[in-house]
Amino acid sequence: MSIQTSATPLGRNDLAALVARDIAPGSFVNLGIGQPTLVSNYLTEEQNITLHTENGMLGMGPEAKGDEIDDDLINAGKIPVTELPGASYFHHADSFAIMRGGHLDICVLGAFQVSATGDLANWHTGAPGAIPAVGGAMDLATGAKDVFVMMTLLTRDGASKLVETCSYPLTGVGCVTRVYTDKAVFLIGPDGVQVRETFGLTFEELQALVPFPLVPFEEKAAGAVVGV
Amino acid sequence: MLQFIDTVGEAVAAVKDGSTVMIGGFGNAGQPFELIDALLDSGATDLTVVNNNAGQGDQGLALLIKEGRVRKMICSFPRQSDSWHFDAKFKAGEIELELVPQGNLAERIRAAGAGIGGFFTPTGYGTMLAEGKETRIIDGRGQVFETPIHADIALIKALKADGKGNLVYRKTARNFGPIMAAAAKHTIVQVSEIVPTGALDPENVVTPGIYVNSIVKVA
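Chains A and B supply the protein sequences, listed in that same order. My numbering numbers the first residue of the first sequence as 1 and each following residue consecutively. My numbering numbers the first residue of the second sequence as 1001 and each following residue consecutively.
Isolated chain A (complex conformation) (with noise of 0.2 Å):
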């Protein structure tokens, strides 16, 4: 087996910055709230991504500090953002559109769970008592041409993430096409779940903690596999 391509497992930003590394050049592409907001420290300009946010702005740019902070200007995360030159404004039924309408490349989203058809549950723990609350997360899942999840792989428990059926409530049914997690990334098609790479572990060591039959990745599929 020749898909490890690294011997421990990925941090946090390591992770977001391999995620950045497989967003084509010039994709249009929405960060979730949380880690997947990561990924913009490492988008270089080369690339030429264009980040949309859902509260109605295309050309979003970093994080706003001191004087540039502006009480108008905020991202889904309503955290304080700037705007790059050729940005855009819109209103949330325009925003949402962009989404709905399949114009994003790509949106990165966390999770609780991912099944092996690329079910996705990241909005509700289904827990009694819970408030439940789903913003753009259903639009976000549905919307994007391509759906990255980055999540650990392992709960605290142990348990894995990527499951056979969502035992959580569903945000969107078989959307995801990828999953970034700090111990492998999985590609989610037709053909069942491929392992593309491994982080510290072998295949054998993987395929022990995920409750179905993964696939190695085979480069024959590579040209099935979209954004890469």
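Please note that a few of the clues may not be correct.
[Stated by the list, open to error] Taking beta-carbon pairs under 8 Å as the criterion, some of the chain A residues facing chain B (in silico):
(1) TYR89
(2) HIS91
(3) ASP105
[To be verified] Far from chain B by the CB rule (all over 10 Å, computed), these chain A residues:
(4) PHE28
(5) ASP70
(6) VAL134
(7) ARG156
These are calculated hints, taken from the structure and not from any lab test. We put the CB at the ideal spot given by N, CA and C, even for glycine.
On the provided structure of chain A, position chain B as indicated by the hints.
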């Protein structure tokens, strides 16, 4: 008939008990805080409020909820680190919640203003938020039927208005303003500046004055 009103208190007198009120804003950007404070002072109660969130901290919508004036919230993201007033009312069973994915919320508001009777959307298909709703497979994709959200009143914030009620906004403070202005029977706008008719470039008007009923300038 467009009216320019001197005080936020007079502007929100149009809100009656039992009204459905859309309130613009995403986070603090675009929130018409002065109009919301005036609504709090007005005493209007038994309200259904449409907003992306369900109030934050100890201001604005959060206080309306705390005072028991909101019967029902229609929103996408009620639970936040500082949504304690909503959380308490919800857990006590004292407020109704209609949770709507944010893009469906925006499109349902847009549909109301555009006279659309409903639409099929892939967002939410196969999830618990589509339970009980009509679904269809269209072009091979599961889609959910969603209906428009109408309102009696919209309270929004814009940057400038001209004498015809045309509005321009500022950066991400635009958010729900334009679609709420169109969806409500009576739209009340707070602006930072009122400019003479003709001073706004018609090419740059975001909300045409036809959607606006009352304008009040706030400091």
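Hint by hint, here is what the structure shows:
| no. | hint | verdict |
| --- | --- | --- |
| 1 | TYR89 | holds (6 Å) |
| 2 | HIS91 | holds (4 Å) |
| 3 | ASP105 | violated (17 Å) |
| 4 | PHE28 | holds (16 Å) |
| 5 | ASP70 | violated (7 Å) |
| 6 | VAL134 | violated (5 Å) |
| 7 | ARG156 | holds (21 Å) |
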